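**Student:** Sequences are here, hints too, so could you generate the full structure?
If you want the building blocks of each chain, they are given just below.
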Amino acid sequence: MDNKTLLEVVDLVVKYGNIEVLHRINLRVGEGEIVTILGANGAGKSTTLLTLSGLVKAGAGAIYFDRTSIHKLPAHDIVKRGIAQVPEGRRVFGTLTVQENINLGAFVCRDAAAIQKTQEWIYELFPVLAERRQQLAGTLSGGEQQMLAIGRALMSQPKILLLDEPSLGLAPLLVKAIFQTLREINASGVTIVLVEQNARAALRLAHRGYVLELGNIVLEDSSQALMANPKVQAAYLGGESTR
Amino acid sequence: MEQFFQQLTNGLAVGSIYALIALGYTMVYGVLKLINFAHSDLFTLGAYLGLTLLTSMSLTDRLGPVWGVLILAVMVMGFVALAGALLDRVAYRPLRESPRLSAVVSALGASIFLQNTVMLIYGARLLVYPSNILPKTVLHLFGLDIPLVRILVLCVSLIMMTGLYLFIQKTRIGTAIRAAAIDQGAARLMGIDVNRVILLVFMLGPSLGGAAGLMVGLYYGQVNFTMGWGYGLKAFTAAILGGIGNIPGAMVGGILLGVIEAMGAAYLSFAWKDAIAFLVLILILIVRPTGLLGERVAEKV
Ligand SMILES: Nc1ncnc2c1ncn2[C@@H]1O[C@H](COP(=O)(O)OP(=O)(O)OP(=O)(O)O)[C@@H](O)[C@H]1O
Ligand SMILES: [Mg+2]
Chain L
80 MDNKTLLEVV DLVVKYGNIE VLHRINLRVG EGEIVTILGA NGAGKSTTLL
130 TLSGLVKAGA GAIYFDRTSI HKLPAHDIVK RGIAQVPEGR RVFGTLTVQE
180 NINLGAFVCR DAAAIQKTQE WIYELFPVLA ERRQQLAGTL SGGEQQMLAI
230 GRALMSQPKI LLLDEPSLGL APLLVKAIFQ TLREINASGV TIVLVEQNAR
280 AALRLAHRGY VLELGNIVLE DSSQALMANP KVQAAYLGGE STR
Chain E
72 MEQFFQQLTN GLAVGSIYAL IALGYTMVYG VLKLINFAHS DLFTLGAYLG
122 LTLLTSMSLT DRLGPVWGVL ILAVMVMGFV ALAGALLDRV AYRPLRESPR
172 LSAVVSALGA SIFLQNTVML IYGARLLVYP SNILPKTVLH LFGLDIPLVR
222 ILVLCVSLIM MTGLYLFIQK TRIGTAIRAA AIDQGAARLM GIDVNRVILL
272 VFMLGPSLGG AAGLMVGLYY GQVNFTMGWG YGLKAFTAAI LGGIGNIPGA
322 MVGGILLGVI EAMGAAYLSF AWKDAIAFLV LILILIVRPT GLLGERVAEK
372 V
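Same order as they appear, the protein sequences are chains L and E. Whatever position you read off the first sequence (first residue = 1), add 79 for this note's numbering. Whatever position you read off the second sequence (first residue = 1), add 71 for this note's numbering.
Because the hints were derived from the structure by calculation, they are not lab data. A couple of the hints might just be wrong.
[What the hints assert, rightly or not] Straight-line alpha carbon distances no greater than 27 Å define the calculated DSSO-like cross-link-like pairs of lysine-lysine that follow:
1) Lys196/L with Lys241/E
2) Lys238/L with Lys83/L
3) Lys159/L with Lys241/E
Please read all numbers here as calculations on a predicted model, not as lab measurements.
**Tutor:** Right under this line is the structure:
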């Protein structure tokens with residue numbers, strides 16, 4: 080990919096207390112790309128995304144977004160610059176209505192016309208949300224909550240969307256539908272970083288991927304190459320290499 | 072019957088004051104899961120500031136009772152809101168990442184500090200509000216003689232509570248406050264500056280608490296530096312009764328507590344009126360551990 084770099088992570092170190100969980104990792108995401116980060120439980124995938132969003136602070140190294148460093152900014156400023164996240168476990172505001180959740184997604188935007196347009200787009204992407212506007216988010220099904228979390232994140236009109244295991248706990252058919260929607264979202268110009276344990280689905284969707292193991296990036300390649308890689312097949316694709 | 076309605080209106084007025092104070096406890100608990108023990112002292116501060124501003128600026132002489140008291144209320148609420156903001160910056164914000172117990176200790180310390188500051192400035196003796204501020208009019212409603220002031224206290228409290236409720240429910244910032252109370256991390260991912268939300272909560276709650284202090288001063292005519300203790304405890308009880316963290320809960324809890332207390336004092340025993348109020352609290356919590364309107368269990372602290 081020779082497109083313009085949108086997001087760049089350089090030698091990023093993250094610690095929780097004394098325990099270092101990310102060891103000088105490097106990532107590059109080009110504008111318009113879908114990049115996936117694969118890894119087992121505890122590899123540091125969520126930590127990486129949380130650090131990108133400023134919810135966890137970088138211990139060392141740097142994060143550049145649109146060529147400016149953002150790793151010292153507070154989380155709310157990072158959202159304003161165009162990075163939105165669908166966090167692990169969805170974290171919709173359960174006692175607020177679907178519409179209120181959507182409105183909160185647009186908290187950083189002040190342009191009413193643009194907000195209206197984005198909202199219409201989101202309700203087109205996820206018609207079920209439009210039907211349930213006045214329902215409390217906590218009463219939605221898991222799949223609907225995931226759609227709401229994605230819709231809510233898109234309301235800030237981000238340049239880049241970070242998703243942390245959007246397929247978790249969803250039926251295969253629904254995963255397919257949501258990944259199809261992610262493709263549409265990407266086609267409309269939003270760059271995507273997708274953290275997944277469902278490596279097969281993620282690699283089918285993504286252009287490129289990174290493999291994170293115990294806080295180190297151990298592999299980086301195009302999706303096709305990763306799918307063909309015996310190591311990846313053994314560890315993340317359920318040993319498909321044995322055919 | 073006459074006594075019943077007298078007690079009812081009295082209970083409603085006192086209860087609405089409890090409710091105003093309870094809102095401060097419940098809002099801070101909502102976003103920080105912390106009991107702001109210093110809240111009752113901000114209430115006291117409101118009562119004293121009201122007295123000082125009233126006498127030093129002779130507002131009611133210059134502007135008449137209506138505008139005088141209105142301007143006075145705005146000033147008291149403004150100053151107490153500033154005190155609340157300062158309290159957050161000095162006593163709580165530095166401890167945001169610390170264990171919860173540190174913040175609880177800091178809250179107790181702030182409470183003692185404020186109470187002693189009021190005592191040092193104003194002295195330990197009881198002070199008296201000028202008695203000619205509010206009209207002594209007695210209204211004849213449905214065959215009852217009810218002091219106008221009582222109706223005013225109730226109405227003004229209800230107006231402020233309605234205003235707060237609409238602000239929290241209908242506005243963008245109000246929704247952000249609710250979001251921060253549910254999940255601070257997710258709220259930050261929406262681009263909400265949670266520290267500013269907390270600061271705002273520390274201004275809203277105390278401004279209502281300060282207004283309550285002013286009303287107590289005007290209604291009962293006297294203030295002393297320990298007055299926050301009793302009112303704070305009642306308001307805190309009211310917040311728990313309604314379900315701590317829940318804004319309509321604090322309103323309902325406060326008014327209910329005021330009425331129960333007034334009825335208990337009239338029909339059971341005046342000396343036991345506090346005990347009756349707490350007994351009701353215990354009974355309700357046995358039946359509904361989360362309070363009347365609470366969804367979440369009041370965990371920790
Ligand atoms: N708040 C925290 N405090 C201390 N350690 C943490 C914290 N969050 C995560 N960790 C540790 O950091 C490491 C990486 O966790 P992380 O949640 O980033 O993994 P992950 O790749 O997202 O895993 P999963 O697939 O299970 O979601 C783990 O060892 C975890 O125990
Ligand atoms: Mg994770």
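**Student:** Could you tell me which of the numbered hints above are not met by this structure, giving the numbers in increasing order?
**Tutor:** none
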